[in-house]
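Trainee: With chain A fixed as given, assemble chain B onto it according to the hints.
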Amino acid sequence: GNSVTQMEGPVTLSEEAFLTINCTYTATGYPSLFWYVQYPGEGLQLLLKATKADDKGSNKGFEATYRKETTSFHLEKGSVQVSDSAVYFCALIANAGGTSYGKLTFGQGTILTVHP
Amino acid sequence: GAGVSQSPRYKVAKRGQDVALRCDPISGHVSLFWYQQALGQGPEFLTYFQNEAQLDKSGLPSDRFFAERPEGSVSTLKIQRTQQEDSAVYLCASSLGPGPNTEAFFGQGTRLTVV
Chain A
1 GNSVTQMEGP VTLSEEAFLT INCTYTATGY PSLFWYVQYP GEGLQLLLKA
51 TKADDKGSNK GFEATYRKET TSFHLEKGSV QVSDSAVYFC ALIANAGGTS
101 YGKLTFGQGT ILTVHP
Chain B
1001 GAGVSQSPRY KVAKRGQDVA LRCDPISGHV SLFWYQQALG QGPEFLTYFQ
1051 NEAQLDKSGL PSDRFFAERP EGSVSTLKIQ RTQQEDSAVY LCASSLGPGP
1101 NTEAFFGQGT RLTVV
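Keeping their order, the protein sequence lines are chains A and B.
My numbering numbers the first residue of the first sequence as 1 and each following residue consecutively.
My numbering numbers the first residue of the second sequence as 1001 and each following residue consecutively.
It should be emphasised that the hints constitute simulated quantities derived from the structure, not laboratory data.
These figures come from a predicted structure and were not determined experimentally.
One thing to keep in mind: the hints can contain errors.
[What the hints assert, rightly or not] If you anchor each label on the Cβ, the simulated ranges turn out as follows: (1) A:S3 / B:P1008: 31 to 41 angstroms; (2) B:T1076 / A:F18: 22 to 32 angstroms; (3) A:M7 / B:K1014: 32 to 42 angstroms; (4) A:Q45 / B:G1059: 38 to 48 angstroms.
[As the list claims (entries may be wrong)] Derived, one-sided and incomplete: chain A residues facing chain B with beta-carbon distance under 10 angstroms: (5) F18; (6) Y30; (7) F34; (8) G41; (9) K49; (10) C90; (11) I93; (12) G102; (13) L104; (14) T105; (15) G107; (16) G109; (17) P116.
[Said to hold, decoys possible] A partial selection of chain A residues facing chain B, derived with a Cβ cut-off under 7 angstroms: (18) S32; (19) G43; (20) L46; (21) T51; (22) F89; (23) N95; (24) S100; (25) Y101; (26) F106; (27) Q108.
Cβ coordinates follow ideal geometry from the N, Cα and C atoms, glycine included.
Here chain A stands alone, though its shape is the one from the complex (with noise of 0.2 angstroms):
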């Protein structure tokens, strides 16, 4: 089946410092691959995406990269701010055989705390 592995949190960090959050999935075919934020009091909000091998999906200076020869899509931003602070979340949308709905599998979520 498909599934998606973080890293183990949490993950505590001063501003300015270098983020990495590790992803990994498992997946027939060729999925999307996404990262979701959560930030306190709000609800899921997409921060980037990537839908074919070797894309990059860039926003709000973070960073992923979609690596089919490593199946990873780890998060990465060159100096974190206080208000980066959230739950984050890797996911995927299977699309084995180009047919898909967009039903999202989700990692097991990453809490980030950025410290002035």
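Mentor: Then chain B, alone, in the frame of chain A:
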């Protein structure tokens, strides 16, 4: 409103009680999903609607869970004879239409606590 709206935000139910959770998707969105998020875990798929048709209910954990979207807009997730293991946040998401790349917009969820 412009986003996905869920109500109630919080629900406390006594074990054995029936509950109904409501989702108002973004107007015009064809696809609607329900997910269950246990504490400290990622959301897990429950069911999918395309307009009023329930095309996938493979994630519903038992026959106590029932979902409907009779007019292709508002959806209700009903849980009968609630059990403690049903305690979780129930998330609703909608998107413009089916496909692997369409963005899903999530509501803030309903936190259900069964006591």
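Trainee: Compare the structure with each hint and give your call.
Mentor: Quick rundown of the hints versus the structure:
1. A:S3 / B:P1008: 31 to 41 angstroms: holds (32 angstroms)
2. B:T1076 / A:F18: 22 to 32 angstroms: About 45 angstroms separates the Cβ atoms of T1076 of chain B and F18 of chain A, which means 22 to 32 angstroms is violated.
3. A:M7 / B:K1014: 32 to 42 angstroms: holds (39 angstroms)
4. A:Q45 / B:G1059: 38 to 48 angstroms: violated (22 angstroms)
5. F18: With a closest approach of 24 angstroms, the F18 of chain A hint is violated.
6. Y30: It holds, given that the least Cβ distance between Y30 of chain A and chain B is near 9 angstroms, below 10 angstroms.
7. F34: holds (9 angstroms)
8. G41: holds (8 angstroms)
9. K49: holds (7 angstroms)
10. C90: This interface hint holds because 8 angstroms falls under the 10 angstroms limit.
11. I93: holds (5 angstroms)
12. G102: holds (6 angstroms)
13. L104: Cβ of L104 of chain A sits 6 angstroms from chain B, so the hint holds.
14. T105: holds (7 angstroms)
15. G107: holds (5 angstroms)
16. G109: holds (5 angstroms)
17. P116: Constraint on P116 of chain A not satisfied, violated at 26 angstroms.
18. S32: holds (5 angstroms)
19. G43: holds (4 angstroms)
20. L46: holds (5 angstroms)
21. T51: Since chain B brings a Cβ to about 5 angstroms from T51 of chain A, closer than 7 angstroms, the hint holds.
22. F89: holds (5 angstroms)
23. N95: holds (4 angstroms)
24. S100: holds (4 angstroms)
25. Y101: Holds - the Cβ of Y101 of chain A comes within 7 angstroms of chain B, reaching about 4 angstroms at its closest.
26. F106: holds (3 angstroms)
27. Q108: holds (5 angstroms)
Taken one by one, the earlier hints fail for this structure at numbers 2, 4, 5, 17, listed in ascending order.
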